[in-house]
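Enquirer: Listed below, chain by chain, are the residues.
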Amino acid sequence: MIDLKQVSKSYPKGIHALTGLDLHIDDGEFVYVIGATGSGKSTLVKILNAEEIPDSGSVIVDGVDVGHLKHRKVPKYRRNIGCIFQDYRLLPSLTVYENIAFAMEAVGASKKEIKKRVAEVLELVDLKEKAYSYPDELSGGQQQRVTIARAIVNQPKVLIADEPTGNLDPEKSREIMSLLEKINETLKTTIIMVTHDSAIVDEYKKRTIMLDAGFMVHDFAKGGYKSL
Amino acid sequence: MRTRLNLLKYSIKNALIGMARHWTLVLSCAATVFMTMLLLGLFLMTVLHVNRFSDSAMDDLRIHVILEEQVEDPQAIAQMEADILNTQGVKQAVFSGKDQELELMIQEKGEAFAAYRGEQNPLSNAFFVYPEKEKEIDAVAKRLKSLDGVADAVYGGQSVGEMVKVLTMVKWVSFGFELLLFLLSLYLIYNTIRSAIYSRQSEISIMRTVGASSSFIRIPFLLEGTLIGLLGALLPCLFYIFTYPVLYQAMHGMFFVPLFKMIPVNQMNAWIGWSLLSTGAMAGLCASLLAVSRYIRSSR
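Residue numbers (this note's numbering), protein chains in the order written: chain A, 1 to 228; chain B, 1 to 300.
Hint data in this document are derived by calculation from the structure and do not stem from the laboratory. Treat the hints with care, as some may be off.
[To be verified] Which stretches of chain B does chain A cover? Using the computed rule of at least three CB atoms under 8 Å from a CB of chain A, they are: (1) 6 to 14; (2) 209 to 217.
[Stated by the list, open to error] Capping the alpha-carbon separation at 25 Å, the derived lysine to any residue pairs in SDA-like fashion look like this: (3) A:K111 x A:T95; (4) A:K157 x B:S213; (5) A:K76 x B:R4; (6) B:K91 x B:D55; (7) A:K112 x B:T3; (8) A:K70 x B:T3; (9) A:K76 x B:Q201; (10) A:K112 x B:I219; (11) A:K112 x B:K13; (12) A:K172 x A:E120; (13) B:K145 x B:Q75; (14) A:K116 x A:N184; (15) A:K115 x B:T3; (16) A:K76 x B:N6; (17) B:K145 x B:G161; (18) A:K115 x B:L8; (19) A:K111 x B:S202.
Even glycine gets a Cβ: it sits at the ideal position worked out from N, Cα and C.
Let the hints inform the model, and build the full structure from the sequences given.
Expert: Put into structure tokens, the structure is as follows:
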């Protein structure tokens, strides 16, 4: 499903963000990526999302050679990758329904398809009654659930969650984790979650990859922060 | 196909939403475009009229070829006509008999010459000769003058030539102003679209994240620019369509003298309508294309 071989990426001024990274993630896996600031987590996310091109090595996602993807083919590739951010990135002038529908409008879905599919994902993230609320009327946890709904509405094969619980209290973080687990189990979506939250990593044990200064230092199948 | 239709629908919707969201900016831009289009319309009318005036002045540019007194019988006149038509640079020759010549003189100089009507007519037969190219009129006149049987060959001469020169200059100056005004509207719309792009940066970045194609991101801005251009051109267009007929009526269809006939109302309305609307739309489209290609980063 996701296959990285000897992937390296450096930025100007000699910053080596990733060095010789080998990583294989199977279909439907749930993987944590942890590491200190500057360890290369964000670069990994950007490479998987085709925002950055690796300097060397190969990145294959669902059979697509992401590193050599032509510029004009990036949008189509991205429809298979859902993204969740720490700062939600919702449009404040649109309602919850419109925010989710926006992702489907952007790929040319019809009104009928949008109506049906948005209702399904609102049900899944348990926000049906908030469909016509605006983001600033929602709590942080609810906003993050809207972001998740928007990320999965086009049924991507991979979901990249960049610090999804970073702005939430432990209780709301658990809600989000339960939702992500539900998506992983019911929709069989592969989830790559970048996090600093050791409590979550310990409580919801999954395969954990640790990066340090651009190198992969641990790949622990049983998971958990303490065991690293 | 259905997907493309949906995308177009959303693009139009997004363009309208975008315009509604910063309507004050759109309105102020459309108002300034309105002013430039109003001036553009004025210069356009000037150019169209100057063209018409110089064409009719050019039409009047003909050589008066006066034959020698003895060229009188029809055969000699026919031979003369053939000689004139064979002269290099001649397009057309129209015969003007000595009686006609006298009538023209009476028309021009007054009834005092009426006494010469009949046997007393001292004038000779003549031809009005039209050159193929107005610019070569002088050379053609010289050639005609050297023909046997021709007493003189004169033309309206310098005064018409000078007037055509002035009219041509007015035409080029107006063209220059039109170009400047077009560039001004381009700049105004460009700035508006640039601001619209800035205010929607987060929206654009989310669009990219969810896999929107570049055209999906760009088309609403292009539509917005085109609509602003059209909006700004519509009012001046209506203004001229309603005021030109009034002006035409008031001036009795001519610009002070019969030589300068004004352009008929229907023709003028069609020209000014299409020209202003298409210029407005073109300025809007070009400006937004420039802004979009410069400010929507073509990053991945």
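Enquirer: Next, verify each hint and record whether it holds.
Expert: Results of checking the hints against the structure:
Counting residues of the region 6 to 14 of chain B whose CB falls under 8 Å from any CB of chain A gives 3; the rule of at least 3 is met. Judged by the Cβ-Cβ criterion of 8 Å, the region 209 to 217 of chain B is covered by chain A as claimed, because 7 of its residues qualify and three suffice. Distance check on the hinted pair: A:K111 and A:T95 sit about 16 Å apart at the alpha-carbon level, within 25 Å; holds. For the proposed pair A:K157 and B:S213, the alpha carbon gap of about 19 Å is at most 25 Å, so the pair holds.
For the hint pairing A:K76 with B:R4, the CA-to-CA distance comes to about 14 Å; that is within 25 Å, so the pair holds. Distance check on the hinted pair: B:K91 and B:D55 sit about 16 Å apart at the alpha-carbon level, within 25 Å; holds. For the given pair, A:K112 sits about 12 Å from B:T3 by alpha-carbon distance, which is consistent with the 25 Å threshold. Our distance criterion of 25 Å between C-alpha atoms is met by A:K70 and B:T3, whose separation comes to about 22 Å.
The suggested pairing of A:K76 with B:Q201 holds, with an alpha-carbon distance near 21 Å, which does not exceed 25 Å. Restraint check for A:K112 and B:I219: satisfied, since their Cα atoms lie roughly 23 Å apart, inside the 25 Å limit. For the given pair, A:K112 sits about 16 Å from B:K13 by alpha-carbon distance, which is consistent with the 25 Å threshold. A distance of roughly 22 Å separates the Cα atoms of A:K172 and A:E120; the hinted pair therefore holds under the 25 Å criterion.
Using a Cα cut-off of 25 Å, the hinted pair B:K145 and B:Q75 holds, with the two alpha carbons roughly 20 Å apart. Taken as a hint, the A:K116 and A:N184 pair is honoured in the structure, with Cα atoms around 21 Å apart against an allowance of 25 Å. Distance hint between A:K115 and B:T3 is fulfilled; the C-alpha atoms sit about 16 Å from each other, no more than 25 Å. Of the supplied pair hints, the one linking A:K76 and B:N6 holds, its CA atoms being roughly 16 Å apart against a limit of 25 Å.
Using a Cα cut-off of 25 Å, the hinted pair B:K145 and B:G161 holds, with the two alpha carbons roughly 20 Å apart. Between A:K115 and B:L8 the alpha-carbon distance is near 18 Å, which keeps this suggested pair within the 25 Å criterion. Restraint check for A:K111 and B:S202: satisfied, since their Cα atoms lie roughly 24 Å apart, inside the 25 Å limit.
Going down the numbered hints, you'll see the structure goes against none, and every one checks out.
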